[in-house]
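Please build the complete structure, drawing on both the sequences and the hints.
Heads up: the sequence lines are chains H and D, in that order.
Heads up: the first sequence is residues 2 to 338, going by my numbering.
Heads up: the second sequence is residues 2 to 338, going by my numbering.
The hints are simulated quantities; they were obtained by calculation from the structure and are not laboratory data.
Remember, predicted model here, so these are calculated numbers, not experimental data.
There may be inaccurate statements among the hints.
Any copy, or any two copies together, can satisfy a pair, since identical chains are not distinguished.
[What the hints assert, rightly or not] Straight-line Cα separation of at most 27 Å, DSSO-like style, residue types lysine-lysine; simulated pairs:
no., residue 1, residue 2
1, Lys320, Lys244
2, Lys185, Lys77
3, Lys76, Lys185
4, Lys185, Lys288
5, Lys320, Lys308
6, Lys148, Lys185
7, Lys320, Lys148
8, Lys50, Lys308
Protein chains: 2
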Amino acid sequence: MTIRPIALDAMGGDHAPSATVDGACRAVKGGIAVVLVGDEAVLRQHIPKGVEIEIIHAAEAVGMDEAPSAAVRSKKDASVRVAARTVAEGNASALVSFGNTGALMAASLMELGRIDGVERPAVIATLPRRDGGQVVILDLGANVDCKPSHLAQFGVMGSVFAQDVLGLENPRVGILSNGEEEGKGNEQVRAALPVLGQMPINFIGPIEPADALYGGCEVVVCDGFVGNVMLKSVEASIAIAGKVLREEILRRPGAKIGAKLLAGAFRRYRNRTSAGAVGGAFLLGVKGTVLVGHGRADAKAVHAAIKRAHSAVQQDLTKHIGSAISTALAAVGETDT
Amino acid sequence: MTIRPIALDAMGGDHAPSATVDGACRAVKGGIAVVLVGDEAVLRQHIPKGVEIEIIHAAEAVGMDEAPSAAVRSKKDASVRVAARTVAEGNASALVSFGNTGALMAASLMELGRIDGVERPAVIATLPRRDGGQVVILDLGANVDCKPSHLAQFGVMGSVFAQDVLGLENPRVGILSNGEEEGKGNEQVRAALPVLGQMPINFIGPIEPADALYGGCEVVVCDGFVGNVMLKSVEASIAIAGKVLREEILRRPGAKIGAKLLAGAFRRYRNRTSAGAVGGAFLLGVKGTVLVGHGRADAKAVHAAIKRAHSAVQQDLTKHIGSAISTALAAVGETDT
Numbered sequence: 002m003t004i005r006p007i008a009l010d011a012m013g014g015d016h017a018p019s020a021t022v023d024g025a026c027r028a029v030k031g032g033i034a035v036v037l038v039g040d041e042a043v044l045r046q047h048i049p050k051g052v053e054i055e056i057i058h059a060a061e062a063v064g065m066d067e068a069p070s071a072a073v074r075s076k077k078d079a080s081v082r083v084a085a086r087t088v089a090e091g092n093a094s095a096l097v098s099f100g101n102t103g104a105l106m107a108a109s110l111m112e113l114g115r116i117d118g119v120e121r122p123a124v125i126a127t128l129p130r131r132d133g134g135q136v137v138i139l140d141l142g143a144n145v146d147c148k149p150s151h152l153a154q155f156g157v158m159g160s161v162f163a164q165d166v167l168g169l170e171n172p173r174v175g176i177l178s179n180g181e182e183e184g185k186g187n188e189q190v191r192a193a194l195p196v197l198g199q200m201p202i203n204f205i206g207p208i209e210p211a212d213a214l215y216g217g218c219e220v221v222v223c224d225g226f227v228g229n230v231m232l233k234s235v236e237a238s239i240a241i242a243g244k245v246l247r248e249e250i251l252r253r254p255g256a257k258i259g260a261k262l263l264a265g266a267f268r269r270y271r272n273r274t275s276a277g278a279v280g281g282a283f284l285l286g287v288k289g290t291v292l293v294g295h296g297r298a299d300a301k302a303v304h305a306a307i308k309r310a311h312s313a314v315q316q317d318l319t320k321h322i323g324s325a326i327s328t329a330l331a332a333v334g335e336t337d338t
Numbered sequence: 002m003t004i005r006p007i008a009l010d011a012m013g014g015d016h017a018p019s020a021t022v023d024g025a026c027r028a029v030k031g032g033i034a035v036v037l038v039g040d041e042a043v044l045r046q047h048i049p050k051g052v053e054i055e056i057i058h059a060a061e062a063v064g065m066d067e068a069p070s071a072a073v074r075s076k077k078d079a080s081v082r083v084a085a086r087t088v089a090e091g092n093a094s095a096l097v098s099f100g101n102t103g104a105l106m107a108a109s110l111m112e113l114g115r116i117d118g119v120e121r122p123a124v125i126a127t128l129p130r131r132d133g134g135q136v137v138i139l140d141l142g143a144n145v146d147c148k149p150s151h152l153a154q155f156g157v158m159g160s161v162f163a164q165d166v167l168g169l170e171n172p173r174v175g176i177l178s179n180g181e182e183e184g185k186g187n188e189q190v191r192a193a194l195p196v197l198g199q200m201p202i203n204f205i206g207p208i209e210p211a212d213a214l215y216g217g218c219e220v221v222v223c224d225g226f227v228g229n230v231m232l233k234s235v236e237a238s239i240a241i242a243g244k245v246l247r248e249e250i251l252r253r254p255g256a257k258i259g260a261k262l263l264a265g266a267f268r269r270y271r272n273r274t275s276a277g278a279v280g281g282a283f284l285l286g287v288k289g290t291v292l293v294g295h296g297r298a299d300a301k302a303v304h305a306a307i308k309r310a311h312s313a314v315q316q317d318l319t320k321h322i323g324s325a326i327s328t329a330l331a332a333v334g335e336t337d338t
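Take a look at the structure:
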């Protein structure tokens, strides 16, 4: 398989374009081809001498404060949209952006379109599990109100993602709920249970947040509102927990030396628990690999995201999702007749 | 104000009746009158000599594995129901139980009934904030599907709770959402915004989980499904974070001594971050003070819960909620005409 370059929306992100260009140069040095999309004159200034990196000029950009869909629709030459178009035209293999998430989704839908049979593309990321593993969770905000069929498709796409990107065999898929007993769950969860049960995945039924974080499944399915609340609650709690513990350790007299000795432990703690942010989230269900990076990404995080997108392309993630969705639809069709 | 004894469902909880009776005896020694409700012969065996504590006999109990509503309806002499009846008849001032939460809610609704004007009673607890304060969150599971008017009433009840129980003046009330910008939130949140805006409370609009945990408000309103997901996600993340950090500290050679020195820091960390569990949650909106204790409670936690219920009675929480709800209904009525 020939892998075309990764199209990077070089204008998006809090530290763009310096962090995006720097991260792209690191990826190029590591052997991954990248094409920068953005204001050519500006980007040229950030590329160090001796680094060969292609630029596709895009005259406009979408700001963080703009209404994303409207901005992307009206700005045909916005960097995120040009980058998506480059993938759609077959000149790049994946789209990576650290800018406005809504704009990235809108550009992906407009330029790439949905995979056949996918009703709603979804944002997916991982959370750190107690056992050192990862649990995949989707949707994280693209769809705040979901039908049972949307959640069932999230289960299929999440299962493929866990296999391709995390290398897990036969991943267990649960639907996020407030209890695992019969009668628990809200209307949405209870309506989705039988539909998820028909999917050709390893569906284990409802799962509570703690059970998922303690290793009870590999894929958590939920609507984007609930998923966003869980993701943000976990991320904030982990950050706050680290800060509070550091403060409490420093409260002991003469504890500063101890705290220095503990710096490594805190660093390893952050590495083990920052899975949600490392390398960013993916938008699944569109015709192309799309990585939604964190706005705060520095050059190192940009580099990690490019590597992650490249790896998903190597795994043929998008094609596998397409096959899995059509198999799932056929399975439901058979059951119905 | 004469405070009648606290009615304790002595048969409920993982460590009942030894932990419940022991906790009640501690409260009695501390000057709080308690009446134990349960199997008199069994309870007598757990009361140490010299401790004077009243017992009301209840021949039955609701198990953790029973369908709560049906069990409470059919068992008129279940301990939780007898305890609720004791409050309803004016012979106790509050109901405390560590048993099946659903059974406690059913018993409260059957025996105490709802406060006039309250559409849906709600479960409320607190989460630890980064700044050392607490943020109140409701509902936590009593109502998994909510209308805008339910959420508006949760805002009113939560505001009264923050004032009476946490002693906060003019608490800021936010509605949990996946973003604070216009257009964010799911259908439920967007429909509830204008109704919450009409309530006579300090409503600040949508709030994200991280902003709430970092001190952006004192009261978070949400449906019981989302609230349960946030509560459980925060509790599990805090517990996991502590365990992971301890492991990483122990990975250094000769770190065991350091870990011993850090025991105090970890204990203070748990104290600062275990707000959700300490003393339990309250069921607001029924005609009486009802405390929903954690099933795992030991004698110390039982004692803390009894003190917390006693304090809420002293503050006249139930009466204040009744006044606030009728004021709120009047305010909406005025706006409507």
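Comparing the hints with the structure gives:
no., hint, in the structure
1, Lys320 to Lys244, "neither (42 Å within a copy, 40 Å between copies)"
2, Lys185 to Lys77, "between (47 Å within a copy, 25 Å between copies)"
3, Lys76 to Lys185, "between (46 Å within a copy, 22 Å between copies)"
4, Lys185 to Lys288, "between (36 Å within a copy, 26 Å between copies)"
5, Lys320 to Lys308, "within (19 Å within a copy, 60 Å between copies)"
6, Lys148 to Lys185, "both (18 Å within a copy, 19 Å between copies)"
7, Lys320 to Lys148, "within (24 Å within a copy, 41 Å between copies)"
8, Lys50 to Lys308, "within (23 Å within a copy, 71 Å between copies)"
Violated hints amount to a single one, hint 1; each of the other numbered hints is respected by the structure.
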